[in-house]
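Chains A and B, in that order, are what the protein sequence lines are.
Its first residue numbered 0, the first sequence is counted upward by one per residue in numbering that gives the first Met the number 0.
Its first residue numbered 0, the second sequence is counted upward by one per residue in numbering that gives the first Met the number 0.
There could be a bad hint or two in this list.
Unchecked claim - Derived DSSO-like pairs: lysine-lysine, alpha-carbon spacing no greater than 27 angstroms straight-line:
#, chain 1, residue 1, chain 2, residue 2
1, B, LYS46, B, LYS143
2, A, LYS34, A, LYS138
3, B, LYS385, A, LYS79
4, A, LYS210, A, LYS163
5, A, LYS19, B, LYS143
6, B, LYS4, B, LYS385
7, A, LYS222, B, LYS385
8, B, LYS220, B, LYS121
9, B, LYS124, B, LYS150
10, A, LYS80, B, LYS385
11, A, LYS19, B, LYS374
12, A, LYS140, A, LYS190
13, B, LYS4, A, LYS124
14, A, LYS163, A, LYS215
15, A, LYS79, B, LYS374
16, B, LYS385, A, LYS207
17, B, LYS4, A, LYS138
18, A, LYS87, B, LYS374
19, B, LYS377, A, LYS80
20, B, LYS4, A, LYS140
21, B, LYS124, B, LYS62
22, B, LYS4, A, LYS87
23, A, LYS80, B, LYS374
24, A, LYS75, B, LYS121
25, B, LYS4, A, LYS163
26, A, LYS215, B, LYS385
27, B, LYS62, B, LYS215
28, B, LYS377, A, LYS79
29, B, LYS220, B, LYS124
30, A, LYS87, B, LYS377
Said to hold, decoys possible - Some chain A residues flagged as far from chain B (calculated, every beta-carbon gap over 12 angstroms):
#, residue
31, GLU72
32, THR103
33, LEU113
34, LYS124
35, ALA155
36, GLN186
37, ASP193
38, LYS207
39, ILE229
If you are wondering where the hints come from, they were derived from the structure by calculation, not from laboratory data.
Where a beta carbon is used, it is the ideal one built from N, C-alpha and C, also for glycine.
Residues per chain, in single letters:
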Amino acid sequence: MEQNSIVTISDLVKRFPVGKSFFTALNGINLTFNKGQFAGVVGPSGSGKTTLLNIIGSLDSPTVGSAIVLNEEVSKLSTKKAAVLRRKHLGFIFQTYNLLPVYTVFENIEFPLLLLNMPALERKKAVLDALEWVGLTDKIKSRPAQLSGGESQRVAIARAMVKKPELVLADEPTANLDAENSHHILQTMEKLNDELKTTFIFATHDDKVIKYLKRKIRLEDGKVVSDEIINNL
Amino acid sequence: MLAIKLAYRNLIGAGLRTWLNVFVLSLSYVLIIYFNGLMDGFNIQAKTDTIAWEIGDGVYWHKNYNAYDPFTLEEGHGIIPESLNYAVNKGTLSPILISQATIYPDGRLQSVLLKGIGTEQKVLKIPSQSLSVETEEIPALIGKRMAANTKLKKDDVVTLRWRDAQGTFDAAEIKIVNIFDSNVPTIDMGQIWIPLKEMQKMKQMPDEATIIVKSKEFNKKINDDNWVFKGHTFLLEDITKLIKTKKIGSSFFYIIIMALAMLAIFDTQVLSIFRRQKEIGTYIALGMTRSQVVGLFTVEGSFHAILAAIVGAVYGIPLLMLQAINGYPIPEGADNMGIAVGKAIYPVYGLGLVISTIIIVFLITTIVSYLPARKISKMNPTDAIKGKIQ
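Could you put together the complete structure from these sequences and hints?
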């Protein structure tokens, strides 16, 4: 394991039961993600991108092999320890934003900090900073139903980033957005990656996202078919 | 604390759905407290009136007397112990002589219970002082029910026939000098009250009584084998039993109200767990443990009970107070069933009743909320995030 690595995946296999047999979603994956990377797992639907992200996010565990995330072996984590790992160190961005519908923008972003028992004043400052990063200071009291898709996803980014996690997992973050909003969001994430050195791992098949990636891992039928570092300069 | 904070946010954020459930649940609080208060008021009122008008602080029965067996009246009387005369004169004991008799209002024959009571007694509320009038006839006192049944009015004179101690029939005219209004039918229906001294003479039973009613001020114990003390527990047993039966009957009503309220909470919880799968998945992804999410949903459910108590208090306190002041009107004739019932029952809402109702509703709501919430712990978070669970 490299000293700088944040995620190390070795010989990972993930199978799901389908009737009496199994469907193999991931087959022999070996990958390492280093701190500060802006990487993406790309590939067609059903290639295993989301499954890989779920395992890295400790929401699921491998059938065979290991996934070490921030020095924790995912398959050996109890549900409680996995929750602590996610709470303290991971941020999630979902395709459908997954904002809490009855909360305001402020409350949605504040939520991860409440779970960390952060004092109220510190919490408020952190939320306001996060709102500034994503340029939504004017929507502080709005509820998710009053936001556009782009705004909702920016709130989701702020929620993922507010606790300054080591790793952010973004599953198809631009799938429901138009080109302009997609670029805006990706620029925001790129800026945060630069400024805060947060590691981003995307699961996407959107060309707009792929253009921004600095590392592109192609999955096909649950196997890594290519892994390239891209120099955008 | 976190669960409480989040549950509060979720409930307030859910708006109308929350308030509908809260209102239904608040009705349970108010109705349960109201009906229990009504029963308690009825109980207290019936007991207080019976104590004031009939049994005082307890009654000494002659050893041969049994109030539930009219055949014991013939032998159930004896000399009032001399040692008690000071208390009788002081008004802390009230001896009563009881006998069967017959009256002939408008030529009709009617059996009555003739009761002799001291005209100066202060133990019972019966207005026996009105018997101290000078009349040619024997002065008599009857209750409003007796007056209605016999069509007797004040100043009416009617023939009374009785048997004396030797079993000889005798008769005299009695004059109704007063008609009293009491909530206690057992001192009224079929009864005529006359002065004790007069009755002792008529019956040829000087210084005798059937029962001796004591007041609170009389603290001594009568050490005489001829007299057996009957306390409140025994004398009020009928009322206690009746209230108990009524309470059991009305508890079915509470069960129905509670079941409706609980159904609303249960339904909301079940629906929430299906409709809010994505939210549950998000909670887990953001770092909540499954037990924290189950706790959150349970607290959300039980919060309904707290909000309902507040809402119930807002409209319930004025309504219940109004009812406690004005009382629940009782239809005419309802007291003929043999138990003390006033023209209205005034509900009594004890602190114990209110607190126990709140605790019971809160506990049931929590259990009803927890049962569907347990399903969350079995959810696959990766499916829940996408809202995929069927």
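Hints, verified against the model:
{"no.": "1", "hint": "LYS46(B) with LYS143(B)", "in the structure": "holds, 20 angstroms"}
{"no.": "2", "hint": "LYS34(A) with LYS138(A)", "in the structure": "violated, 32 angstroms"}
{"no.": "3", "hint": "LYS385(B) with LYS79(A)", "in the structure": "holds, 21 angstroms"}
{"no.": "4", "hint": "LYS210(A) with LYS163(A)", "in the structure": "holds, 25 angstroms"}
{"no.": "5", "hint": "LYS19(A) with LYS143(B)", "in the structure": "violated, 87 angstroms"}
{"no.": "6", "hint": "LYS4(B) with LYS385(B)", "in the structure": "holds, 26 angstroms"}
{"no.": "7", "hint": "LYS222(A) with LYS385(B)", "in the structure": "holds, 24 angstroms"}
{"no.": "8", "hint": "LYS220(B) with LYS121(B)", "in the structure": "holds, 19 angstroms"}
{"no.": "9", "hint": "LYS124(B) with LYS150(B)", "in the structure": "holds, 24 angstroms"}
{"no.": "10", "hint": "LYS80(A) with LYS385(B)", "in the structure": "holds, 23 angstroms"}
{"no.": "11", "hint": "LYS19(A) with LYS374(B)", "in the structure": "holds, 25 angstroms"}
{"no.": "12", "hint": "LYS140(A) with LYS190(A)", "in the structure": "holds, 25 angstroms"}
{"no.": "13", "hint": "LYS4(B) with LYS124(A)", "in the structure": "holds, 20 angstroms"}
{"no.": "14", "hint": "LYS163(A) with LYS215(A)", "in the structure": "holds, 24 angstroms"}
{"no.": "15", "hint": "LYS79(A) with LYS374(B)", "in the structure": "holds, 17 angstroms"}
{"no.": "16", "hint": "LYS385(B) with LYS207(A)", "in the structure": "holds, 23 angstroms"}
{"no.": "17", "hint": "LYS4(B) with LYS138(A)", "in the structure": "holds, 22 angstroms"}
{"no.": "18", "hint": "LYS87(A) with LYS374(B)", "in the structure": "holds, 26 angstroms"}
{"no.": "19", "hint": "LYS377(B) with LYS80(A)", "in the structure": "holds, 17 angstroms"}
{"no.": "20", "hint": "LYS4(B) with LYS140(A)", "in the structure": "holds, 18 angstroms"}
{"no.": "21", "hint": "LYS124(B) with LYS62(B)", "in the structure": "holds, 25 angstroms"}
{"no.": "22", "hint": "LYS4(B) with LYS87(A)", "in the structure": "holds, 20 angstroms"}
{"no.": "23", "hint": "LYS80(A) with LYS374(B)", "in the structure": "holds, 21 angstroms"}
{"no.": "24", "hint": "LYS75(A) with LYS121(B)", "in the structure": "violated, 86 angstroms"}
{"no.": "25", "hint": "LYS4(B) with LYS163(A)", "in the structure": "holds, 23 angstroms"}
{"no.": "26", "hint": "LYS215(A) with LYS385(B)", "in the structure": "holds, 25 angstroms"}
{"no.": "27", "hint": "LYS62(B) with LYS215(B)", "in the structure": "holds, 22 angstroms"}
{"no.": "28", "hint": "LYS377(B) with LYS79(A)", "in the structure": "holds, 14 angstroms"}
{"no.": "29", "hint": "LYS220(B) with LYS124(B)", "in the structure": "holds, 23 angstroms"}
{"no.": "30", "hint": "LYS87(A) with LYS377(B)", "in the structure": "holds, 24 angstroms"}
{"no.": "31", "hint": "GLU72", "in the structure": "holds, 19 angstroms"}
{"no.": "32", "hint": "THR103", "in the structure": "violated, 9 angstroms"}
{"no.": "33", "hint": "LEU113", "in the structure": "violated, 6 angstroms"}
{"no.": "34", "hint": "LYS124", "in the structure": "holds, 19 angstroms"}
{"no.": "35", "hint": "ALA155", "in the structure": "violated, 10 angstroms"}
{"no.": "36", "hint": "GLN186", "in the structure": "holds, 25 angstroms"}
{"no.": "37", "hint": "ASP193", "in the structure": "holds, 25 angstroms"}
{"no.": "38", "hint": "LYS207", "in the structure": "holds, 22 angstroms"}
{"no.": "39", "hint": "ILE229", "in the structure": "holds, 28 angstroms"}
Violated hints, in rising order: 2, 5, 24, 32, 33, 35; the structure is consistent with all others.
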